[in-house]
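A.B. asks: Note that this note's numbering has the sequence shown beginning at 1, numbered continuously upward.
Treat the hints with care, since some could be wrong.
As the list claims (entries may be wrong) - The calculated label-pair distances, taken between Cβ atoms and stated as ranges, are: (1) GLN10 - PRO43: 41 to 47 Å; (2) LEU26 - PHE77: 16 to 22 Å; (3) SER56 - LYS12: 23 to 29 Å; (4) LEU69 - ALA21: 22 to 28 Å; (5) ASN78 - SER47: 42 to 48 Å; (6) LEU38 - ASN78: 34 to 40 Å; (7) LEU45 - ILE83: 25 to 31 Å; (8) PHE49 - ILE17: 30 to 36 Å.
Stated by the list, open to error - Below are the DSSO-like pairs computed for lysine-lysine, each with C-alpha atoms no more than 27 Å apart in a straight line: (9) LYS12 - LYS23; (10) LYS80 - LYS12; (11) LYS80 - LYS70; (12) LYS12 - LYS70.
Rather than coming from a laboratory, the hints here were simulated on the basis of the structure.
Only a predicted model underlies this, so the values are computations on that prediction, with no experimental measurement involved.
Here a beta-carbon is modelled for each residue, glycine too, at the ideal position from N, C-alpha and C.
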Amino acid sequence: MWNALSCRSQTKSVFTIGLFANKMFLIAVTLSIVGQMLVVYVPPLQSVFQTEVTRSVASGSVTAKGIRLKIFDIATFNYKKAICTGNKY
1 MWNALSCRSQ TKSVFTIGLF ANKMFLIAVT LSIVGQMLVV YVPPLQSVFQ TEVTRSVASG
61 SVTAKGIRLK IFDIATFNYK KAICTGNKY
């Protein structure tokens, strides 16, 4: 979902645009996250979608990898912006 938020513009970062600039998009992202949580944590939906709750170690590992990827994404965005504007990075 963070990727969807950060892909709204090729020239501006998500922090420049603002997280709350597009209300309908924010609602869609929120409903998507809630839907994913329901599928993972509600027992009747777990049986339908064949999901199970992950251990906290696995969840932490995935979260850490996502944060690391986002930091790399922000650094790449800033580097490309510096190259396009002619500034030395």
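A.B. asks: Sort out which numbered hints this structure fails and list those numbers smallest first.
C.D. replies: When the structure is compared with the hints, numbers 3, 7 turn out to be violated.
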